[in-house]
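Respectively, the protein sequence lines represent chains A and B.
Just add 40 to wherever you are in the first sequence, counting from 1, and you've got my numbering.
Just add 14 to wherever you are in the second sequence, counting from 1, and you've got my numbering.
The reader is advised that the hints may include incorrect statements.
[What the hints assert, rightly or not] To spell it out: a stretch of chain A is covered by chain B in this simulated footprint if at least three of its residues, at any positions, have a beta carbon under 8 Å from a beta carbon of chain B; those stretches are:
1. 210-222
2. 251-259
[What the hints assert, rightly or not] Reference listing, derived: stretches of chain B covered by chain A, where coverage requires no fewer than 3 residues with Cβ under 8 Å from a Cβ of chain A:
3. 34-43
4. 70-83
5. 140-151
6. 160-171
7. 224-236
8. 259-268
Worth flagging that the hints you see were computed from the coordinates, not collected in a lab.
All C-beta atoms in this analysis are idealised placements derived from N, C-alpha and C, irrespective of residue type, glycine included.
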Amino acid sequence: MNRASRPHVSPARALTYVFAVVMALWILLPIWLIGVMAFSEQAGVFRFPKPIFPQPFSTETMLFFLNSTGVLNAVRNSLVVAGITLVLAIAIGAPAGYAIARYLFPGREAFRVIVVSTRAFPIVILSIPLAVTFIRWGMYDSVFSLALMHTALALPFTILITSSVFASVPKDLEEAAMTLGCSPWQAFLRVAMPLALPGLAAATLFTFVISWNEVFAAVILTVRNRTLPALVLASLSESPLPYRFAGGFFLLVPSLIFMLFIRKYLFTLWGRVTK
Amino acid sequence: MVARCSQQLVPYLLLLPAAAFLLVFFAYPMVEAFGLAFAGPGGAFTLDNVRRAVTDVAFTPALETTLLLILIIIPVQFVLALAMALLVQAKLKGASFFLYVYAIPLAISELAAGIVWFSIFTDRGFINSLLVSLGVLERPFLFLSFQNTGWLIFAVVMAESWRATSIIMVILVAGLQSISHEYLEAADVFGATPWQRTWHVTLPLLKPSLQVALILRTILAFQVFAVALAVAGRGITLLAAEAYRWYNTYRDPGVAAVYAAIILVLSIASTLIFLYALRTPKEQSL
Chain A
41 MNRASRPHVS PARALTYVFA VVMALWILLP IWLIGVMAFS EQAGVFRFPK PIFPQPFSTE
101 TMLFFLNSTG VLNAVRNSLV VAGITLVLAI AIGAPAGYAI ARYLFPGREA FRVIVVSTRA
161 FPIVILSIPL AVTFIRWGMY DSVFSLALMH TALALPFTIL ITSSVFASVP KDLEEAAMTL
221 GCSPWQAFLR VAMPLALPGL AAATLFTFVI SWNEVFAAVI LTVRNRTLPA LVLASLSESP
281 LPYRFAGGFF LLVPSLIFML FIRKYLFTLW GRVTK
Chain B
15 MVARCSQQLV PYLLLLPAAA FLLVFFAYPM VEAFGLAFAG PGGAFTLDNV RRAVTDVAFT
75 PALETTLLLI LIIIPVQFVL ALAMALLVQA KLKGASFFLY VYAIPLAISE LAAGIVWFSI
135 FTDRGFINSL LVSLGVLERP FLFLSFQNTG WLIFAVVMAE SWRATSIIMV ILVAGLQSIS
195 HEYLEAADVF GATPWQRTWH VTLPLLKPSL QVALILRTIL AFQVFAVALA VAGRGITLLA
255 AEAYRWYNTY RDPGVAAVYA AIILVLSIAS TLIFLYALRT PKEQSL
């Protein structure tokens, strides 16, 4: 990044680089620090002043967290909820996305506007009335019910991202397949689907992140079947520091990895709101 | 004719599952939230829940802190997000790296962000470590003490600015990318400085994106609670935290639903305000 040493870089330009690096550090440093805590010995977590490298590097704190009562179970619940959410959201959302991308029909724009605005809605707050409904229906405290809430949360994103993914697959290719004797369904399956696959994969990863991170609905809608964020939140006030720091780090990491895969699609998710 | 008719039905059939799902899990609970808030034990209309919510000791602090946080965080985030977006657009080497790094917090949960900043601000945390090592402080300062509401709010502001600025940044970058180069070149031709160009050309053209980002960000801010809980414990309280407390601790869905309804109403009101305040008159729209 040391462009400033090059003679032809103007001071203003150099300053811009410095500024960009400072901003990047502001994002990255806190992640590094929680990583240091998560990979110190338990005694190291209480040390003062704190080092900025784990001294010595140790998995003791992480193992302590993972072996604490209920954590593994909660991790499993989180994965199951995210898994169901991911399947439901793509199964329900992708057809809608396809319809918006491929067909011109009365009500299309209205539906799109509804989807865009539900994305900006405080959906999570709706988990309180939903909890009451789920109790009435005998569906309370189940990973499946929570997954339904998470699907409602993720659905607008899935519809928007899949519609833009399908829109980017040329319609001509599907039509060509049909003139060569494919049925519309075959044309979709054999031509549009393979081309859309990377985008659809990104959409599902994003759904996973939404569900994995969600805590309000999780803590309202579950009691014994806590997801990981719900468990960590509910035990926040009585849990020891190593537990909290390792938990924070463990919650953070999967999302970071997924971001790497879906970064290309960020603008599809958030950028097209103005159009 | 039959085939043609069924062809026209195809898009509606494709939309049907999504529309039905949103109806059951979005529209229905929204109506139900108000139902719960205004229903007594027998289902009759009552203001009991509202009265109990509003007269609770924590109500006014929760409302005030929620609004105060929004008033502080939103401007801070917009300045940061605009700076990041302009940096990303400044044609730097490694621009895509910077964009990725700035976007990382999009994937970080409220709870994780709260824990991260708790580790920084807690009494034996990183800030105290730094200040004591440098000799600025003799012993750790209790930033997150119940008596220091100011510092508690400051820590939550830092955590939220860190976590939730990226979403604004991404919307603004998308907005910047859709601005035609001709406008910027025209500004250059007329001798505008980069600062003037940003202020008089880029920002006005960015208004629709700013509006969307403001609406989205404000609505999300009304629901914040895990960050505050992780950073400040019960040292400060927010509307969503009260909804959680009434539901989980007091087992009172009615009062919790009142808080949910208040958050819904505030979100809709703020959306309408931003739609009106930042409206683009037809003749000006490009």
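Hints, verified against the model:
1. A count of 0 residues in the segment 210-222 of chain A with a Cβ less than 8 Å from any Cβ of chain B is obtained; the coverage claim is therefore unmet, three being the minimum.
2. With a threshold of 8 Å between beta carbons, the proposed coverage of the segment 251-259 of chain A by chain B holds, since 6 of its residues qualify and at least three are required.
3. By the rule of at least three residues with a Cβ nearer than 8 Å to a Cβ of chain A, the coverage given for the segment 34-43 of chain B holds, with 6 such residues.
4. Beta-carbon proximity to chain A at under 8 Å applies to 0 residues in the segment 70-83 of chain B; the threshold of 3 is not reached and the given coverage is violated.
5. Restraint check on the segment 140-151 of chain B versus chain A: 6 residues with Cβ-Cβ distances below 8 Å, three needed, restraint holds.
6. Residues of the segment 160-171 of chain B with a Cβ under 8 Å from some Cβ of chain A number 0, which does not satisfy the need for three, so the listed coverage is violated.
7. Three residues within the 8 Å Cβ limit are the bar, and the segment 224-236 of chain B against chain A gives 6, so the coverage statement holds.
8. Residues of the segment 259-268 of chain B lying with their CB closer than 8 Å to a CB of chain A number 3, which satisfies the three-residue condition for coverage.
Of the numbered hints given earlier, the model fails hints 1, 4 and 6; all others are met.
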